[in-house]
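Two chains, two separate frames, one set of hints: put the complex together.
From first to last, the protein sequence lines are chains A and B. Using my numbering, read the first sequence as starting at 1 and increasing by one per residue. Using my numbering, read the second sequence as starting at 1 and increasing by one per residue.
I should point out that these hints are in silico values taken from the structure, not numbers from a laboratory. This structure is a prediction, so every number in the text was calculated from the model and none was measured. A couple of the hints might just be wrong.
As the list claims (entries may be wrong) - Over 12 angstroms on every C-beta distance to chain B, these chain A residues come out as not near it, computed from the model: (1) Arg155; (2) Pro199; (3) Val203; (4) Tyr220; (5) Ser237; (6) Phe449; (7) Tyr473; (8) Thr527.
Said to hold, decoys possible - Cβ-to-Cβ under 10 angstroms is the rule here; a few derived chain A residues that face chain B: (9) His202; (10) Glu611; (11) Ala612.
What the hints assert, rightly or not - What follows is a set of in silico ranges between Cβ atoms, one per label pair, in the way DEER data are often shown: (12) Leu413(A) - Gly120(B): 23 to 29 angstroms; (13) Glu366(B) - Pro187(A): 45 to 51 angstroms; (14) Arg198(A) - Asp446(B): 55 to 61 angstroms; (15) Asp446(B) - Gly95(A): 37 to 43 angstroms.
Ideal Cβ positions, reconstructed from N, Cα and C, are used throughout, including at glycine.
Spelled out from the first residue to the last, the chains are:
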Amino acid sequence: MLGKNTRSIGTLSLGLVLALAIYLIPGMTGIADAKEAFAEQVFAEEAFAKEVQAEEAVEGEGEPEIEWSQDVFYKDWEGNPLKGPVSGYAAPELGPEDYNTYEFAPSRIILWVANQQHLYFGSFVLAVPIFCMIIEFIGIRTRDDDPVMADKYDRLARDLMKVSLTAYSWTAILGGILLFTFITLFPGFFKYMAGIFRPVMHVYALMFLAESGVLYVYYYGWDKMMDDKFLKWIHCSLSVLLNLIGTVLMYLANSWATFMQAPGGIDSEGRFLGNIWHVIHSTLWNPVGVHRILGNIVFGGGIVGAYAAYHYLTAKNEEEKAHYDWVCYVAMFIAIFGLIPLPFAGYWLMKEVYAFRQQMGITLMGGIMAWLFIIQAVMIGLLFFGANSYLHNGMARVKGSHRYMKYCKYMVLLLICCFTMWMTPHTIVMTPAELKEMGGAQHPVVGHFGVMSAKNTAVNLMITCTVLCFLLYQRANKKITVPWATVGNCWITAIFIGAAANIIFLGVYGYFLPANQRVGLSVPQVTSTLTTLFAGTAINISMFKDSESYGDIQWGTQSKVGTYAIFLLAISFTWLMGLMGYIRSSVRLFWHVTEVVRDNSVDAYTLTIGEAGKMLTFNALFVWVQFVVVFWVGSLTAKKIPAKAPEGVPVPAQQQQ
Amino acid sequence: MLPEQHDILFSFLSIMFAVFALYVFGNVIQHCREREGINSTLWGGIFGAMAITCFLMTVHMFSLVQGDQLVFFFSTYLWTILFMLLVWGVFFKSNKIERQSAPIIRAFFFYTTISVLLAGYTNWLPQQRSDPPPKEAAVVGDMTMEEFAEMGRVIIFGAKQVAGQKSIGKGQCPLCHTFDPGDHMGRCPNLFGVEKRSHDRVKEDRYATSPVAVGEVEPASGIVKGKHDEVPEEYRRAGGPDEFIGEDYLRESLMCPTCYVVKGFGKANDTKSPMPVIVKPPISLSRVEVNAVVAYLQSKDTPGEFASVTVPLPQDDAGNTGGAVVEEDSGGDEEEGPVFVTGNEDIQTMINTLGCPLCHTIPGVEGAVGELGPKLHEKINAPERIKDPNYKGKATNTKEYVKESILCPGCYVVFNEEAGESYPDGLMPTTFGEQLSVRALDKLVDFISQTEPPAGS
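For reference, chain B alone in the conformation it holds in the complex (with noise of 0.2 angstroms):
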């Protein structure tokens, strides 16, 4: 449910309350009119006053969006219910009657109970919403060699990575692949060192025979091994050395897996490779991805060095028809699917899921070190900011300002001392309004405010 919508859920329950107060007060008459002695105008009186009361409390619940239908329910409507069923206790006990609630009521009870405190339960795990990749990663205007190597790193790993669980990216790959060194509990084989391989792997009698030779069709994917000129041409290497090298043979593994399948790790005596080709779907992926990809196996043994790259820039490619999208401020598998942060979520995941850390650096969320916007020590800032009179904005204080800036980035645009010039006006996205619900945006306001240098900075 979106959260402008209602809770599914908590309404139906919310209407079935309403259900059960009036059974409640049916009840309570019909003992009433069956026995003599009991006052029944009294007891009539506070049961009808109750139903009514769930009726409008129901009423009043979908006037409510999800977040607020949650905090209501559980800080009224349930207790005024627990309220109602001691009230419809002391009514059965002060009036000696035996034959109390009926089964079908406790049976409502046990059953809600026990599935909401399921329900409860899979709120209470950690909550990771999946959205579908972009059809294409985007690629922004001319890269350096390290931007594209991080587009790969992205295409496998995913730009949101949480520690403690697996972070996996359009490419799927560390579903079964492992990268570190050591670490050979994964599926398929650890890719440590896999730059190196590739150079040597080409020249084991075992690759030139082994599951199909070179030169044949691998069917399954329908690739010439070993012959990089016979690669399809929106995939095909455009220049560089005649001879197969070990672009070629990590690009041949991407595209072909069954062209060769390390000992071990394969299917059918390690002649079929369980590897998805990853040109097609559901994975696809472009040119210049699996290139970025190549780009990021070859360098990463070796951070900061990126010589051993032989894949060429998409600006540099001579066989890059232009098919990906030119989008600003991309990466990985965020560009295009709906952002939308609920405030569930902990300060942490909130400023890495709106993609803060990429422009600012915040104290305190680990990563976040951007440098193109200003540093977020709002506690400090935010005060003397709203004395300058450059500013023309609303806010009266640090909590209005840090809203102000993130709803309206426009209003006021910091000054950056250090370039002797403003911070550049319209690089912030105007659109955290719509990714923002109320409550995350008071938790966002609040972590912000207070932000400040760290001690002895």
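So that you can see chain A by itself, here it is in the shape it has in the complex (with noise of 0.2 angstroms):
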């Protein structure tokens, strides 16, 4: 996929996709009770110790009993809450004197935009490290067979790490405003948390003091350890080290939000009952960081993908145009590959917060959050707009492509009714005027397209799709020659015909079952949609064994509609990315901690959508601005090498051979 070798490069995707579905299921399936398990064998052991020291100190020495009191979240083998030695104090009842305010905005605005700030570099800085990675090592892989190309990655991961640099330092000033905006303008909650949090908010600021070592080893070690095998090697596991840290870092900090959103390791009163790992590993925690690292690599590859494009408009000669259409190509590329088990990653999340607490979930998908889901469908629409736009637009650049290119057109045809019926809303807010004379909350025809029913057929279809289009678009130059090509055609087909055939049939058939019937659907569609991706890539890469060429990529001849693509790619992620995370955080409804610290501030309601709406904006916006001075900053330090492709290799990599 990114250099010659493509069936090696297509295999190891397929291989990573596959190792994160393993990862992914059995999390999905068990994970509450291993959990549960797990922390009742752990807090059996505590508590008994507990108790042998309590009755030694009340035996010996007349010290005070320990007070024990029930978890509020975990629970024994009986389901019974887990109990625990009360180890802190009780959650305070926040009043006037616990918030300050400014004059020019909420203070909760102010906390909304120092951290979702903090949090777009954050995700930027974690992802790159994880580019580097990847690309630094296939550079390294492919030395012995193409050097060319191995220098060309091995600049590629250099110069993001470069950019990536300027921005570690922008986020963390960023995170010290968020620590600052916490401190003055929340103190009474930060008193809390930083109770409960104490160990862990030292060991996140150790971790950053090593990940800082790490990452400036592994930037400025770049030019001494480029020559040497070993110490190529040893780079390129610094690297490995760098992402390690930055994982740990950013579970660290997950584990604050997660224990706001659903804590456990407390009583009711919200006193700390002695075990840190429990208030860490609460159970939104796993989900939310698989979640975050798949956005990270996302959004990463949305910013990557952003300054390469740009970069490619702004190109003075065509080697730099070649170079920088490649780079959007790899950036799209992972992009797209993190995007595509992301939903996944959010069913689990959904998951894990409907078994917290069931009228969260339903808050979420039912109650006042429903229309911010709209609004994601919408998002994900776009992306998908965005990222077959972007595949239509650069098939046009391969040769050979022209067989393929007459199906684009109805490509977006689906695509469009499929975005028509998965935006539907299930019902509307009317006037009872209005309601009279619709009949009801639901409209008679359309109304049927706001059901989950057709939104999962729409969802489903639109990634088969977009899983089609990407074949085409691996297959473009491609003159397939292996003996059995029909017979693979015919099985390519016959995969996307069922599967589109299922999906439908099942989308129809759910109109049929009671709801709770109805649900289980989801689960053959989507495995239909995930055939055609693992079933059909794999068919289609066994295809290309001894193809024949119809001729190179044209690397630089990307159209402004393919690059303006990513660039709606590039800002879509962002403000996705945003909402998400509005969304998450604010389910919380009128908790600072759920169930257990109240927000008695003036700003404890929830946002009108149009009021979040806006403020999503800015900081999609506001974060740009920073990322094109942090950008800027970066290339102040640039040495100006052209970048230009020696003679007979050709421009810049030719990854479909």
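Quick look at the structure:
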């Protein structure tokens, strides 16, 4: 995909997706049981030890007896709440003196901006090392076969790291601003959180030091470790270490947010029960972590893609254009690679939310937050349009693609139909007169497209269509020569037609089933979609063996529409990330910590969708202004080395051969 | 953002536009210096003036509050920027400059357009702000059973109902339960007929044993199943028969949902209820609130009939320790949440939000049949009242009178001819000035000024 050896990279991609799926599936099925079992075991041991200590203390020195209390989340085997020794103070009943304000904006809005900006940058600086690790690894692996390409990969990884370095400092500054905002505007709440997470916060700070140290060695040691093969592997290993520390950092910070949303390790009064792991490892910690890793990859891909697209538009010569066109492609590939499993991580997260408190899940999906999910649907539709538009336009620069270009218009038509269905609301707010005129809360015809049966069908068809588009893109310049070409093509056709037929059939069938059974149909629908992805891609790649090429990909000839499609994807990722973050956070409604610390500030209300939308737009634009500044600062130290491809080497990479 | 504050998005955009105008000015100057034959004085002057204009408009934006900012931005600032873009294009064209606006500018406008369109889309959707529920519903003095059951209804459904949208009160019940006969689309049992079922259910064999046996403690809630006298004291029934009655079953269902799980609606083979314990966070109903909900559930299937209600009224409840706050004009989830009307709402929503229908009959507003205050037929009444010798206000026309009445209800107290006395002075809140934006006030005044008795009345 990214270089000459398509098959190995394709297999690698497939392997990574499968590995991710294998990682996710057990978690999605057994995580709750495992967590309870583990918690029970740990707690039983600890409780026994403390009980003995307490008894000894009482017998010996007459110290006060330890008070025991019930955990709000963790349960034992029998479903009874776990008990733990009270080791902290009760959550405060916050009053006006616990909130400070400025006149120009509500405290909550200020905190939102500070938090969101920090998260955007944090996401970027966590994503870039993942890219660098993968790209540098591919560079090392291809060095023997194709040193020119290896150098290109190495340069790309380094360029990205350079930008990330500036962004890293920026992230730290934004983190400081966030911390001060928290302390100054929400002192009462912060005091409680600091009381619970005191050790975690210190570990976090130390991990930050470790991250900085490894980052600097990794970046500034690039040249010194460049030439020696062993040292280069060491250097690449540093990127692995960097990512590990970064992931730990992110998980530690996540624990504060997940604790606020679904607390554990405390009793109903908010008193810490002595086990910090319980507080960290609350029920949403794992799904949020996985979701954020994937989200970071997607968001990082979007930023790098937009960065490359911008440089593509400003390129001074053909070589530069070709280089940045290729970088765009790599970034988009990584972003979409992360995007495909993202919904499944989202499902897992929602499953855990429902498991924690059903009414929280329903508030999200059917209550006051439901309209925000309609907006999410629109955003996902935009992403699919953007991704397909990029692929369609990208295909135009591939020789031999004329065979498939004629199908693009039908795919666009399908996407439009599905998108329309996907964003049709179930019910809308109406005046009584309008309600009477329409004959009910649902429109007699259009209303049928507002239910989950239609929506699941629409979104699965959209994903299937995108997969098909991707397969066509892959084979655009290939002349398939394997003897089983006809059989292979028939299989691919059968898989796609079968999947589409199954998705549509199940969608229609859903109308005839009660709600609780209808929900179950989404699983075979998603399975059909994933079959097209995995089986379709596998067969497609297998057919490339000994294939002949219609010609090289004309890197540097990307149309402006394709380039702007990348911009569209980047801004959509940014906005969508803000939206989903807002949804996750605001579902706490009027609680700082769900059911434990009530938000008694004047800002405890949930914003209207319009107000939230304006904030999301502000945050998205504001962060991009900062990204422009950061990229500009990063470019100040750039040595202007013209990107020139050596003679005899296709420009710059023939990823399809 | 509060109405008296700046709009963060449009303030930001105005700053960006000012920077953009400065950039354009610099760009034009640069082209003028690079090329001969361009009238740099003319073009520099034009774009310099535009940059200054944009700067001044940005400064002006910060002197406005958010509603006015929005109007100014879209009515003036945006058009100025578009005009500047047009003139910039003319500059390029007339001077035959091929290398035109930099990609960064195009990308900026592309990003801004997409993002602002998304913000616009969110503002096009129905707007609903959710205020936190009061910590405890208020009770006003002695209540009738009808009022008590209504209190229960408000806890379940909220005071404000919007057509076509599920209305949810502090209790959050409609998130899962349905209440109408034949509606089985809910995630939890339909509560139509629950009063009757409450008497039958406790006699079922399944109730006696599943998921916990009568007399055993249900661990999640700590409630002893089927024992009304072992309910925590603050919620325990005071008085009444010794046996476990329908009221006790309903109370138990609220306080211990897992004590009995209706078939097909539970987890783990119908042994665990997904329903939260409603006397615990996040819902945390008080004794009076639980009783009000039970009163509503017992009476809802027989409108106007309260014979089946067995819970005592708050004033008669021996177990009521007076935990409920006593406050005038209370009800449901509206009391303690800050109410503010921006004017973006439709008039029905505005009037409902402000609570006018509680006291006034307002033609054209569904459900506004209040009797505590005068009927609002202001198109006819206002001119007459202005002429009334007792009128001491400053209004000279209908709109001014209506506005004055809203902001200063005591300025003129209307005489109730049917009762032969004035309407009570001081009943109408004097805080509407703090709850209405300028736009909302104007909208409300416009509407009420046009109210008149329905034709034929």
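Here's how the hints hold up against the structure:
Non-interface call for Arg155(A) relative to chain B: holds, since the shortest CB-CB distance, roughly 23 angstroms, exceeds 12 angstroms. Even its closest Cβ contact with chain B, about 27 angstroms, leaves Pro199(A) beyond 12 angstroms, as expected for a residue assigned away from the interface. The beta carbon of Val203(A) is kept farther than 12 angstroms from every beta carbon of chain B, the shortest such distance being approximately 30 angstroms. Separation of Tyr220(A) from chain B is adequate, the least Cβ-Cβ distance of about 30 angstroms exceeding the 12 angstroms criterion.
For Ser237(A), the non-interface assignment is confirmed: its Cβ lies about 37 angstroms from the closest Cβ of chain B, beyond the 12 angstroms cut-off. At roughly 17 angstroms from the closest C-beta of chain B, the C-beta of Phe449(A) stays outside 12 angstroms, upholding its exclusion from the interface. Listed as outside the interface, Tyr473(A) is consistent with that label: its C-beta sits roughly 24 angstroms from the nearest C-beta of chain B, beyond the 12 angstroms cut-off. A cut-off of 12 angstroms between C-beta atoms confirms that Thr527(A) is not in contact with chain B; the least separation is 24 angstroms.
Checking His202(A) against chain B by beta carbon gives a least distance of about 30 angstroms; that is not within 10 angstroms, so the hint is violated. Given the 10 angstroms rule on beta carbons, the hint for Glu611(A) holds: about 7 angstroms separates it from the nearest Cβ of chain B. Here the hint on Ala612(A) is kept, as its CB sits about 7 angstroms from the closest CB of chain B, short of 10 angstroms. Restraint check, Leu413(A) to Gly120(B): a C-beta distance of roughly 26 angstroms satisfies the suggested window 23 to 29 angstroms.
Our hint of 45 to 51 angstroms for Glu366(B) and Pro187(A) holds, since their Cβ atoms are close to 46 angstroms apart. Checking the proposed 55 to 61 angstroms range against Arg198(A) and Asp446(B) shows it holds: the Cβ atoms sit about 58 angstroms from each other. The beta-carbon spacing between Asp446(B) and Gly95(A), approximately 41 angstroms, falls within the hinted interval of 37 to 43 angstroms.
Checked against the numbered hints given earlier, the structure breaks only hint 9 and satisfies all the rest.
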